[in-house]
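Protein chains: 2
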Amino acid sequence: MFVQGRENIAVAFKKIASYFKNSLKPVEGKMRFVIAGDTVLVLAQTFIQASNEALEASEYSSERRATYVFKKIDDSWVCAIDNSYGTSLLN
Amino acid sequence: MFVQGRENIAVAFKKIASYFKNSLKPVEGKMRFVIAGDTVLVLAQTFIQASNEALEASEYSSERRATYVFKKIDDSWVCAIDNSYGTSLLN
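Chains A and B supply the protein sequences, listed in that same order. The first sequence: position 15 = 863 (the working numbering), numbered continuously. The second sequence: position 9 = 857 (the working numbering), numbered continuously.
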């Protein structure tokens, strides 16, 4: 699922929650930050906890290595790109 | 190895070439782009070809899944972050 824009992202999050029957609970593991000025690449180990039923239906692992890009805008870091599958998108 | 700035990056590239005895030849495989306005996250499969001697000395796989961040500046995409190890940095 690839979405852009605030409204579409809000709709997507609701669909994800529904898909996992509101049982989704991400737990963060190790993180690494690669910073270049106002841009940072975040590599994050994420463990997905959800109902067994929902996890068995998913083609993706419950341990993920996400890649995020945050940008510094007006002294706040905001998420520009959220790719929770990391390099698994290349599979 | 983590370096920032043009001069330091130039020095690092020379060290990398020397480490691989100038035998390093990266070959690109599959790529995926996740674009958000003036920022793009690039996921790229990279196959590293080098002398056997150099590859055997490396702790990293010769098949890599790199993550790059490019920014659009004055209508050109420039590389802001080059992380050739991708999420393997979390190992």
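Hints may be right or wrong, so weigh each one.
Note that identical chains are pooled: a pair holds if it fits in a single copy or bridges any two copies.
As the list claims (entries may be wrong) - In silico EDC-like cross-links for lysine to aspartate or glutamate, where the CA-CA straight-line distance does not exceed 16 Å: (1) Lys873 / Asp886; (2) Lys862 / Glu876; (3) Lys869 / Glu904; (4) Lys862 / Asp923; (5) Lys873 / Asp922; (6) Lys919 / Asp886.
The set of hints was computed from the structure by calculation and includes no laboratory data. Note that the structure is a prediction, hence the values are computed from the model and not measured.
message = Under the constraints set out in the numbered hints, which ones does this structure not fulfil?
response = 1, 2, 4 and 5
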